[in-house]
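Q: Place chain B with the ligand on chain A using the hints.
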Amino acid sequence: MTAITHHIPDELLIAYAAGSLSSVFSLAVAAHVSMCDDCRAQLEAHEALGGTLLEETPSETVAEDLRARVLDGLDAPVAAEKTYHRSGIFPAPVMAALRGLPPKWKPLGLGVRQMILSHTAEGSARLLYIPGGQGVPDHGHNGLELTMVLQGAFRDETGRYGVGDVEVADGELEHEPVAEDGPACICLAVTDASLRFRSLVPRLLQPFFRI
Amino acid sequence: MCRPAASRDFFDPVAMAWRIFNMFEAEADLVLEEGPLTATVVSGANRAGERSKVTGKDYAETTMWMLAVRDHRDKVAFGRLFDHFAPRLKGMICRSGLPAAQAEDIVQDVMLTVWRKADLFDPGRAQVAAWIFQIARNRQIDIVRKERRPVPEELRQVEQTDVDAAQVLALEQETRALRAALKRLKPAQRVMVERAYLGELSHAEIKAETGLPLGTIKSRIRLGLEKLRHELKGTDRK
Ligand SMILES: [Zn+2]
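So the protein sequences, as listed, match chains A and B.
In case it helps, UniProt numbering puts the first sequence at residues 1 to 211.
In case it helps, UniProt numbering puts the second sequence at residues 1 to 238.
Please note: incorrect hints may appear among the correct ones.
Stated by the list, open to error - Computed list of lysine-lysine pairs in DSS-like fashion (alpha-carbon distance at most 30 Å, straight line):
#1 B:Lys75 / A:Lys82
#2 B:Lys146 / A:Lys82
#3 B:Lys146 / A:Lys106
#4 B:Lys207 / B:Lys186
#5 B:Lys117 / A:Lys82
#6 B:Lys186 / B:Lys146
#7 A:Lys104 / B:Lys146
#8 B:Lys146 / B:Lys207
#9 B:Lys207 / B:Lys183
It should be emphasised that the hints constitute simulated quantities derived from the structure, not laboratory data.
Since the structure is predicted, the reported quantities are computational estimates derived from the model, not experimental observations.
If we strip away everything but chain A, and leave its shape as in the complex, we get:
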């Protein structure tokens, strides 16, 4: 595996540490940090600053019985919480989004497939499967889109993206990503807005595919 060269921007790591990042972007951050020690160290450093602020936060007196309630709870049995582990190319947070099951792909045409992981008012997360050598329809972005490679690689006007790399595309980028020859390129793509395709047909299909 080649080294990761495209990382999560710092403002997203800070927003993640601070808890203000939307859940679809949080998924991308958690997935990348699972695979990238540099960003993990960076995130932990931001959490160190968060911890420092916690130490200095003005205290609020807690209810008198809170301490007793917590101490009483120490020996209480707890239901084991469901945990997910990395499976094949999918890091644990992606497996959690898949609820532990293999992806159920839906064809988008030309061999391209996708699986929507979540689609809410705040954005969408999906897995994309692009056969080697195949391009993704040329598209621009209304909002911010992060695309992280889980298998294979793709190239576009901005460079080459291999396993673990994250492409950050904002409203200005119009790009034509093409999967490298070889194994299919599988990506996690998250966005806070729907993509707008430039060619007519995909735009008509957009409501059906929710992309």
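A: Just chain B with the ligand, lined up with the frame of chain A:
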């Protein structure tokens, strides 16, 4: 639009970067002065031909309490952690706008999580406050949004005997320096740091906020970061 002069100066990124740069250069000297303490610990361990054992005698109180909880399930130590962190956690959670009763529910949940997940605490990688901060953010989001927040994979747990005391002390020292540096920020900068790190700014606002001393924070934690990177490189995945 009209802004007072002080504020314009605050928002001038070049002037600020320079102030910050100078501030942290001074801070770096402070770290170097404290250096020999760490160096002694390291060389002592090397002479003995083994990694130094955790004795805890030089650790911060909160670290000692947390290790007692992790290694001995010590409820007295846990009570001390509660007394120290619960009011601060409540303060932090109330700041995010939740009513006091719900804030206390979250505090309760966070402290119980601290007890249950204590085996994941690694003093070589995180200060107790940072570790609890991260738990509090996860639990608050899970409870308020009623969904599981995506979290990174846990690293392999460290062997409890495998903790390098020098590393723990170095991290504590970095954190003290970071805290001292924060105290020296101008009030307006301090406010921006708090808003960014306590969840009051969106990622777009953080990016756009030129008054946020990001370069600073990064250079301040650079040394600690290098250690973390080094540690992580030798860490196997589960
Ligand atoms: Zn990274």
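Q: Does each hint fit the structure? Answer for all of them.
A: Verification of the hints:
no.	hint	verdict
1	B:Lys75 / A:Lys82	holds (27 Å)
2	B:Lys146 / A:Lys82	holds (15 Å)
3	B:Lys146 / A:Lys106	holds (28 Å)
4	B:Lys207 / B:Lys186	holds (20 Å)
5	B:Lys117 / A:Lys82	holds (14 Å)
6	B:Lys186 / B:Lys146	violated (38 Å)
7	A:Lys104 / B:Lys146	holds (25 Å)
8	B:Lys146 / B:Lys207	holds (28 Å)
9	B:Lys207 / B:Lys183	holds (23 Å)
Figure legend: structure checked against the earlier numbered hints; the only hint not met is number 6.
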